[in-house]
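If you read the protein sequences in the order shown, they are chains A, B, C and D.
With our numbering, the residue at position 82 of the first sequence is 82, and numbering never jumps.
With our numbering, the residue at position 157 of the second sequence is 157, and numbering never jumps.
With our numbering, the residue at position 91 of the third sequence is 91, and numbering never jumps.
With our numbering, the residue at position 19 of the fourth sequence is 19, and numbering never jumps.
Simulated from the structure, these hints should not be mistaken for lab results.
For every residue, glycine included, the Cβ atom is placed at its ideal position computed from N, Cα and C.
Treat each hint with caution, since some may be false.
[As the list claims (entries may be wrong)] Listed below are the simulated DSS-like cross-link pairs for lysine-lysine, each with C-alpha atoms no more than 30 Å apart in a straight line: (1) 21/C <-> 314/B; (2) 123/C <-> 266/B; (3) 107/A <-> 522/B; (4) 158/C <-> 584/B; (5) 522/B <-> 85/A; (6) 50/C <-> 134/A; (7) 102/A <-> 510/B; (8) 108/B <-> 217/A; (9) 100/A <-> 59/B; (10) 16/A <-> 333/B; (11) 110/D <-> 2/A; (12) 88/C <-> 150/A; (13) 134/A <-> 333/B; (14) 52/D <-> 152/A; (15) 20/A <-> 522/B; (16) 20/A <-> 28/D; (17) 254/A <-> 146/D; (18) 143/D <-> 254/A; (19) 245/A <-> 143/D; (20) 92/D <-> 245/A; (21) 50/C <-> 152/A; (22) 20/A <-> 134/A; (23) 92/D <-> 219/A; (24) 28/D <-> 241/A; (25) 150/A <-> 123/C; (26) 217/A <-> 13/C; (27) 249/A <-> 30/D; (28) 522/B <-> 74/A; (29) 245/A <-> 28/D; (30) 13/C <-> 212/A.
[Said to hold, decoys possible] Restraint ranges, calculated between C-beta atoms of paired labels, are given here: (31) 65/D <-> 56/A: 47 to 53 Å; (32) 170/B <-> 9/A: 38 to 44 Å; (33) 102/A <-> 506/B: 24 to 30 Å; (34) 81/C <-> 20/A: 47 to 53 Å; (35) 158/C <-> 55/B: 32 to 38 Å.
[Claimed, not checked] Which chain B residues face chain A? A few, computed with CB under 10 Å, are given here: (36) 115; (37) 116; (38) 432; (39) 467; (40) 468.
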Amino acid sequence: MKVIIDGKDVELQEQKTILKVAEEIGIEIPTLCHHDGLSSYGSCRLCIVEITNNGNTEIDTACTRSVEDGMEIKTATERLTEERKLIAELLLAQAPESEKLKASLSKLGVQESRFEAREDSDCIVCGRCVRACKEEVGAGAITFVGRGYKTKVDTPFSINSDVCIGCTACAEVCPTGAITVEDEEAMRYIRYFNTELELAECAECGKYINPKRMIEKLKKEDFAYYPEENFELCEACRRNKEMNKFADKFLEAK
Amino acid sequence: MKSLVELKELKEKVQIDLEKTEKKILVCGGTGCVSSGCKEVQEALSSELAANDLEDEYKIVETGCHGFCEKGPLVIVYPEEVFYCKVSPEDTKELVEEQLLKEEVVEKLLYQDPVSKESISSYRDIAFYSAQQQTALANCGHIDPEDIEEYIATGGYEALGKAVTEMEAQEVIDEVKEAGLRGRGGGGFPTGLKWQFTRDAENDTKYIICNADEGDPGAFMDRSILEGDPHKVLEGMIIAGYAIGADKGYIYVRAEYPLAVKRLKKAISQARERGLLGENLFGTDFDFDLHIKAGAGAFVCGEETALIASIEGKRGMPQSRPPYPSQEGLWGKPTNVNNVETYSNISTIITNGADEFSSVGTEDSKGTKVFALAGKINNTGLVEVPMGITMKEIIYDIGGGIPNDKEFKAVQIGGPSGGCLPEEKLDLPIDYDSLTDAGAMMGSGGLVVMDEGTCMVDIARFFLDFTVSESCGKCTPCSEGTQRMLEILERITQGKGKEEDLDELENLGKTITDTSLCGLGKTASNPVLSTLNYFRDEYEAHVNDRTCPAGACKPLIEYHVTDDCSGCTKCVDECPADVISGEKKEKHAIDRTECTKCGVCIDVCPFDAIIKK
Amino acid sequence: MTTCQCGDLEENKEKYLAPLKEILENYDQKEEDLIPVLQDAQEEYGYLPKVVLREIADSLDIFFSDVYGVTTFYSQFHLEPRGENVIKVCLGTACHVRGGARILERLQDELGIADGETTEDLKFTLESVACIGACGLAPVMMINDDTHGLLTPGEVPKILDQYNQG
Amino acid sequence: MRKIIHVDLDTCMGCHTCELECATAHSKSKDLLTAIQENPLPQHRIRVESVKGINILWQCRHCEDAPCETICPTNAIGRANPESPVVVDDNKCLSCKMCIQVGCPFGVLKEDNADGVVTKCDFCIENLEEGAEPACASGCPTKALKLVSLDELPEDKQEEVGKEIPTVVYKKVSLP
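Just chain A, with the same shape it has in the complex:
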């Protein structure tokens, strides 16, 4: 399979998205909703490219479209740059306070939005958190609520989730930094989702470790080998335990 990206000939053996192929040959295409660890979604539309195939030219998103033999792809024409800027401004107006978003969009030359900032809004509905929580972590604590431009991400009825395991993936993948996690004493607070969880204590040192609900969930996983008591320990105590075991064995061998 042969394609041309920004004038460069690329030969490929397997099906890949345009985004991936471009990345491999060192062409950076901007994107916000895409994350390598998550399924393709195509909502932010920043990664639009111009594709010419069989004489037709169309615009599509690089994160969702797979390369096909004979495609000629342009990633940064004037038209694309202008449209990307407009989209970036639409995004920025949805999360006007987000420094994280501003930093990502500044690469496109966008510092501020021509559109009036949305009030009380800090989410661009890219769905990274929803995909992470549902498809990857398997907790399904959050969902898209409503539709159209009023769509937001929340727990059912905006109340404390009883299935969130407090893994914080939602916060980590959020491109606007809207979701935050705070640990205070024995509690973890994910205030964006009105959610709070009890943290487990390390059986050895008493330090607060991950949420009890996460540990309960992990206990059900099927590991090849895993000492049961490790679930109750912080990583440092786990390490110490193993180190001591090792030291004993070493001394014994001597």
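With the hints as your guide, set chains B, C and D onto chain A.
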């Protein structure tokens, strides 16, 4: 049904039975007529028949939509084919006594031509009907949609029998391809090609879906077909199933169409009873069955990937294509999605052959198309016409022109994805490509006529408002971009527009068209872009002069009483805001600070003495 | 309005959910049944209370969040109790050009509620809809299953009176 | 040819040079003097601790059936082929930290102080591909850490590698 011969024998038997009851009264039971009270008319008719001992002689048949909704309730008396409109329960006594007993027509219930003022007794002579050429609507309003035998009597299910017993699946597809049928739901993709893709996709399981999620405001042809001739849709779907190699189909129908759902359910169970759905159809090894899925109120589910998500029980959010449903559709299996009207054309193509079908229409748009005429037009209702007919013929010859001596201004075609065409485009022959070139779209075929009193900026705002509330919210340009466009349009209609707003609208419109994920977003800007193109002066009047030339944008108009006021106090009594004052026989006055501009006074004034300016 | 209808007792909850369980028995209880089950449940309860959604999620073995996400996506579903009579004012294109908005305004004035709201006595819920496919009779509104066409604002109070009795 | 890091604890002086070398190898500049001024400070993935009077070198064992790989929801942790080390794909990691909490029995995974993703010994995979030793081994002044081929091991140990014991082999003692 074990064989085609068995079907034909049944057809002959039913035809003989039907001829025995040659005397019948058809009462239109389409939604339009139901809301104007046809049920009451039907009841009154049956008690009148009983009172005159005519019960055994005349059979009352409740049909599907007859198309002429504005004139409902409609009643047609056979064998004379006398067409009565706007029949009330009180009229039935006279109707029975005069028409049935004395065989004299009831003049006052006849249709009156708006131009010649002549009364016309047979519907075939009414311009609204005589200029039509009906394929998809052929049976609507003529048969009882709840009786499969009546459908069979018209030759129904013979095309299916022919396809499965006499044709190879590929031959069926070739016939559809050759006929040149294009999708009637929106984009106009060649139906045969779509079938071919699905047939060629390698998989043991495939599905057929009928998109009956008609949601374009101003379009109701799918509803009428489902209510008036559900079996035709089923037959088209079963043939499609045979052609592509599917044994299961779904009809995704709006829950807002309860009558259509009811009739579909009945049609499916009758078809099952007769062995026209189920296993070993016509004695072959072809199995096929159908299920109904009711939509739950989301316009975007008319988009095929969203529709599929909805059938799967998910939020109806579209997905990027490719892969197309013909490759990976319902539950990841190859799936063929067509709309109601498309399936309704299939049996005709198989029965009469591709050549006859493609003899109608234009070079690239074959056959007929159903349009829903609505808005400021005399004859509102459904019409089926050959492709290539001009807009002018539809609006003036069939639609009877604009009421109240008003000037034609524009016609909006294709629903929210379509555009507004001005008078100079009225001679345009209607087909898929010429409409797209003109900045509109065939869409599902909604034709809304607008007169001088319609503000084109307001219409653009109206459609954007619709798109904004129906956008699924997934992609940025559609969900955010249309909202921003709407904000600008609202500003303009409130007289707060800025000069640069028009360029910004164009800018946004182009980007939304180019970069949206699905068809809803890609076409959302059409109403704005087309009005900006053809009616830019109206936009400019709002922005530069702060006036609404059509007198429709409330913040830009005021109500005034003219010297024609005779002081009848009618408006004083009716004004819901109590802002009109005046004594009898004296010119009244409106307190404009409190006036809500609701327009009631204009409606009730017998002297046209209240104006907007 | 969001108070739980089932009371706190387990016994009450069971009684409250009995009709839902009957509904669920008509289905294979797969994900694809979610929307039809929600439709039937709303028909039964008049709206979709939290306990009902939760029970549906458990029975169909899908995330509660997915049930909630689907419920809030489709305009047919409601999370709050609705009026005895539901008024749907059509604001489709045909109705728009023939003054559908004026009908809505008059209804808002008469009932003292905004689009999407329910009167305090739970008599009426008012909502605007996109198109009910009765364009020939524009402007149109539906009250429950009855369609009222070719309306003028002046007729609105009279029509409401028909539903206000009893 | 499968290679392993061979550790001779008798030779280790506990000088922590391996930690410095590791951090430098994973810094932006790859230069010790510049690296110590980087913000955030580069992290080392090996640690030396004195337990019961012995200097223990502790790092990822690149387990055959790695629990961190099992638990990772996005397959961000894994190996390119059965003979490569277990590495983290930063782009795929969601930072859910399930691997840190319970994935690793040895407690060798940690959160990257720069971007929150999970970080661990990657066997200096880039060096490895070029035939060079991992930084910890190449920098060890006493050669307590050595990159060796599997067949350089005594036969009884060879059999255990990949089954009973992880790729990092300690002289005299098998793990876990």
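Quick rundown of the hints versus the structure:
no. : hint                        : result
1   : 21/C <-> 314/B              : 21 Å, holds
2   : 123/C <-> 266/B             : 34 Å, violated
3   : 107/A <-> 522/B             : 27 Å, holds
4   : 158/C <-> 584/B             : 26 Å, holds
5   : 522/B <-> 85/A              : 18 Å, holds
6   : 50/C <-> 134/A              : 21 Å, holds
7   : 102/A <-> 510/B             : 25 Å, holds
8   : 108/B <-> 217/A             : 78 Å, violated
9   : 100/A <-> 59/B              : 74 Å, violated
10  : 16/A <-> 333/B              : 21 Å, holds
11  : 110/D <-> 2/A               : 41 Å, violated
12  : 88/C <-> 150/A              : 22 Å, holds
13  : 134/A <-> 333/B             : 23 Å, holds
14  : 52/D <-> 152/A              : 55 Å, violated
15  : 20/A <-> 522/B              : 26 Å, holds
16  : 20/A <-> 28/D               : 24 Å, holds
17  : 254/A <-> 146/D             : 21 Å, holds
18  : 143/D <-> 254/A             : 20 Å, holds
19  : 245/A <-> 143/D             : 24 Å, holds
20  : 92/D <-> 245/A              : 34 Å, violated
21  : 50/C <-> 152/A              : 19 Å, holds
22  : 20/A <-> 134/A              : 24 Å, holds
23  : 92/D <-> 219/A              : 24 Å, holds
24  : 28/D <-> 241/A              : 33 Å, violated
25  : 150/A <-> 123/C             : 28 Å, holds
26  : 217/A <-> 13/C              : 28 Å, holds
27  : 249/A <-> 30/D              : 36 Å, violated
28  : 522/B <-> 74/A              : 21 Å, holds
29  : 245/A <-> 28/D              : 36 Å, violated
30  : 13/C <-> 212/A              : 29 Å, holds
31  : 65/D <-> 56/A: 47 to 53 Å   : 50 Å, holds
32  : 170/B <-> 9/A: 38 to 44 Å   : 39 Å, holds
33  : 102/A <-> 506/B: 24 to 30 Å : 27 Å, holds
34  : 81/C <-> 20/A: 47 to 53 Å   : 50 Å, holds
35  : 158/C <-> 55/B: 32 to 38 Å  : 36 Å, holds
36  : 115                         : 45 Å, violated
37  : 116                         : 49 Å, violated
38  : 432                         : 17 Å, violated
39  : 467                         : 9 Å, holds
40  : 468                         : 6 Å, holds
The structure shown violates the earlier hints numbered 2, 8, 9, 11, 14, 20, 24, 27, 29, 36, 37 and 38.
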